[in-house]
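Visitor: Take the given structure of chain A and dock chains B and C to it, following the hints.
Protein chains in written order, with the working numbering: chain A, 30 to 284; chain B, 233 to 544; chain C, 3 to 292.
I should point out that these hints are in silico values taken from the structure, not numbers from a laboratory. Please note: incorrect hints may appear among the correct ones.
[To be verified] With a Cα cut of at most 30 Å, we get these calculated DSS-like pairs of lysine-lysine:
| id | chain 1 | residue 1 | chain 2 | residue 2 |
| --- | --- | --- | --- | --- |
| 1 | C | Lys106 | B | Lys541 |
| 2 | A | Lys145 | B | Lys424 |
| 3 | A | Lys38 | A | Lys64 |
| 4 | A | Lys38 | A | Lys145 |
| 5 | A | Lys150 | B | Lys541 |
| 6 | A | Lys240 | A | Lys64 |
| 7 | A | Lys180 | A | Lys150 |
| 8 | A | Lys150 | A | Lys227 |
| 9 | A | Lys171 | B | Lys541 |
| 10 | A | Lys171 | A | Lys227 |
| 11 | C | Lys9 | B | Lys424 |
| 12 | C | Lys9 | A | Lys150 |
| 13 | B | Lys541 | B | Lys424 |
| 14 | B | Lys424 | A | Lys180 |
| 15 | A | Lys145 | C | Lys137 |
| 16 | A | Lys171 | A | Lys145 |
| 17 | A | Lys145 | A | Lys64 |
| 18 | B | Lys541 | A | Lys180 |
| 19 | C | Lys110 | B | Lys541 |
| 20 | A | Lys227 | A | Lys145 |
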Amino acid sequence: MVDAAVDVKIAVRDFSVRYGAIEALRSATFDIRLKEILGIIGPANSGKTSLLKSLNRMNETDPAFRHTGTILLDGQDLYRDLGAQQVRRRIGIVFAMPLPLPISIHDNVTYGPRMKGEQDKRSLDELAERSLRDASLWDEVKDRLNLPAMKLSGGQQQRLCIARTLAMRPEVILFDEPCSGLDPISTATVEETMVRLKEQYTMVLVTNNTKQAARVSDRVAFLLMGELVELDRTAVIFTAPSDRRTDDYVTGRFG
Amino acid sequence: MPSRLGVAGLSSPGIEGSRMPLETSGASQPWRRALRMQRLAMAGLFLMNLMAVLPAILVIGMIVFRGLGGLSWNFLTTMPSQGMRAGGILPAIVGTLELVGLTTIFALPMGVLSAIYLTEYARENILTRIVRLAIVNLAGVPSVVYGLFGLGLFVVFCRFGTSLLAGALTLAIMILPVIITASEEALRSVPKSFRDVSLSLGASRWQTIRHAVLPFAIPGIMTGTILGIGRAAGETAPILFTVAAFYLPRLPKSLFDQAMVLPYHLYVISTQIPNIPETQRYGTALVLLLLVLSMNMLAVVLRARFRRKRQW
Amino acid sequence: MFWRSLKERGIEAAIHVCGVSSIALVALIFVFLLKEGFSLFRSVPLNDFLLGRSWYPISDPPRFGILPLILGSCWVTLGAILLAVPLGLGSALFISEVAQGWAKEALKTGIELLAAIPSVVLGFVGITVLAPIIKHVFHLPTGLTALTGSITLAFMAMPTIVSITEDALAAVPRSYREASFALGATQWQTMHRVLLPAARSGIVAAIMLGIGRVIGETMAVMMVTGNSAVIPNTLLRPVRTLTATIAAEMGETVRGDEHYFALFAIGIVLFVISFVINVAADLFLHQERT
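Just chain A, same shape as in the assembly:
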């Protein structure tokens, strides 16, 4: 049952990444579909994070970064047709460690919009409330928005980071191993949030935890040593993968 009428949000074509002499990703070609959760799994150093960071041009903070190939967002080339700031406003990212800035909760969430130019206090407050609700954090912080964000627990901080990303109203959200520093309860909350957000956003999730990928994603891509080995629906990848290597990784024969 191939959906011929499926919408492609991001198209990756023959994309390769190098840092200096080290090749991190080799000729990756695949689609990311509108409003799906695409999981990316694979062992360490397989190129998952390089791929993810290429999607919102965060790789460019590394001076040794080089790339070939194209990535199209709604048909426009991310690197050639759009500016980096534009791309990052439309494709947000949540990092592995919770990274709140040492400012208040409210200022953290409204950071992106303020940089974009939004100054109206009431709009910012509304935006903050909406984003914190969507990130399942509003109830816990609604009466202490001016407190330093660093005082929140790890799980709360990570949800704050999600709220911060949501406040930019992006079209795509990237998650780079978002639960790696969190306890199981916080992990469950973040995963629930991700599934709920699927109604409005397209999401890409990089994770070391294959079970998490199985729980949350619609489709899963398996990367090994810089190569995209296989991409298919979650159920297929985990029960009947076509490639032997995928099967080995998923069943734990190596990792």
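Guide: For chains B and C alone, kept in the frame of chain A given last:
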């Protein structure tokens, strides 16, 4: 031979080595000799350290002791009269403060912007290496050569004459390396993740610096600047030809006026004017010393306070 | 939106300009020294200037040989370094390897205090306290001698030597110390057989920068070395250094006369010396890190 970790130094609290060496009754001759050398060496090093530090304390103590008597309200707040034999040193104090304030206005923005360039924009190439070399050189140029430079460029070529302006510009260039180094260190101590977060939310490079880096580097920049100010306040040679005057019974009114300044004043009354009472000379030294040392102490205190309050 | 990006472009341009301004400033200093100093060499050949044995700028005809000044600077520097290097290295070793807790903090603060005292204040103390002592101890006609200058300057160079040596010692990996102790060495043996050789290039840089500090010092040395521009053959006589000459005689010159140019020429010499020392020290410091 069993291994011994951490041998005897001196056994006083706070100095490592309250442990005594293992029993030497069964030990060999070379080992006993080595132990003896060790104890001698530790004592020697301690003595050297003491000899290095004691003079500072003695000097400060002596100036305080002999100068305190000359420090009266009159001394500090009245104008000099009778060719410096009576009255106070108010214009020298005011001159120093004005000069130093002006210096900071010139040096701070340029120093911070240079540091921002080095940490956020410069790449690891030959140009950057040369810039760093230039900064090291600026720090090493003898102070009297700065005086000549200030004379040649600001006093003569720019026609500012001997003035607060010329002096401040000269001093500003002189303390630039201090501010740049301190600011660079402060900027580098801000975690890289702050920059990443800001960029990932769509901020531009300058916005990131302005909102996610600079505010958190300000404490370090401030302490560096205060240290630079302390340095500038005590310098004599750069201002000898660019601003200093000896006896001006009025306060400087404009940027283009000459001014009396404390270090130059101290120099003249200790080498060229006889018959100035000793308490007055020590008093002047004390005022200068207090000014400079309080700046240093302020910087140290601020640095400790910010380190404690830091949230990351 | 447009104005913001324009303003940003302007700020980033200013940052780039400031960034490379240090190079421009060094060049500017050199150019202005050259502008005035070079005029001397129209009337006085370079050889006579650098190697001439008489500095009589106000005699008729004036003589502009700076050899006595160079030698004055050398003697004072030599004396200062002989005193400052052992004390400085010893202090750095003690502070970094032996002292702990409050004692370490106190000693570090002591060194910082020493560094903070302005040179004119040290010169003042030198004149009022040190010179009479030297005069008394050595039975001299005056206490303003090269020796007085050396002692005073030694304490000005010490903080530089101590702090750079401390950095060099801290850069030696802990494993060196641990390996040495594990082989049964005492702390002193570790220090002079393992640590000092390992930190060698940093220590050389520290000494060079200390030398640079001493050569470049003006006020303290001007106040305590007497001011006699004769070629010295002992530390117990007054001397004149390059730096003190400029400071002391500039007031007596007329802008544009030969004496004026000569003082700028001395400035060129000092600039070149400090440039060479700084570049060399920087090379040594970088060598150790790679």
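Visitor: Take the hints in turn and mark each one as holding or not.
Guide: Checked hints:
1. C:Lys106 with B:Lys541: OK: C:Lys106 and B:Lys541 at ~24 Å, within 30 Å.
2. A:Lys145 with B:Lys424: holds (21 Å)
3. A:Lys38 with A:Lys64: holds (8 Å)
4. A:Lys38 with A:Lys145: Holds: A:Lys38 and A:Lys145 sit about 24 Å apart, inside 30 Å.
5. A:Lys150 with B:Lys541: At roughly 29 Å apart (the allowed maximum being 30 Å), B:Lys541 and A:Lys150 satisfy the hint.
6. A:Lys240 with A:Lys64: Holds, at about 21 Å.
7. A:Lys180 with A:Lys150: holds (24 Å)
8. A:Lys150 with A:Lys227: holds (29 Å)
9. A:Lys171 with B:Lys541: holds (25 Å)
10. A:Lys171 with A:Lys227: Holds, because 24 Å separates the two Cα atoms, which is no more than 30 Å.
11. C:Lys9 with B:Lys424: holds (25 Å)
12. C:Lys9 with A:Lys150: holds (24 Å)
13. B:Lys541 with B:Lys424: holds (20 Å)
14. B:Lys424 with A:Lys180: holds (20 Å)
15. A:Lys145 with C:Lys137: Status violated; Cα separation ~73 Å.
16. A:Lys171 with A:Lys145: This hinted pair holds, its Cα atoms lying about 24 Å apart.
17. A:Lys145 with A:Lys64: holds (25 Å)
18. B:Lys541 with A:Lys180: Holds: B:Lys541 and A:Lys180 sit about 13 Å apart, inside 30 Å.
19. C:Lys110 with B:Lys541: OK: C:Lys110 and B:Lys541 at ~23 Å, within 30 Å.
20. A:Lys227 with A:Lys145: Distance of about 25 Å is within 30 Å: holds.
Hint compliance for this structure: hint 15 alone is broken.
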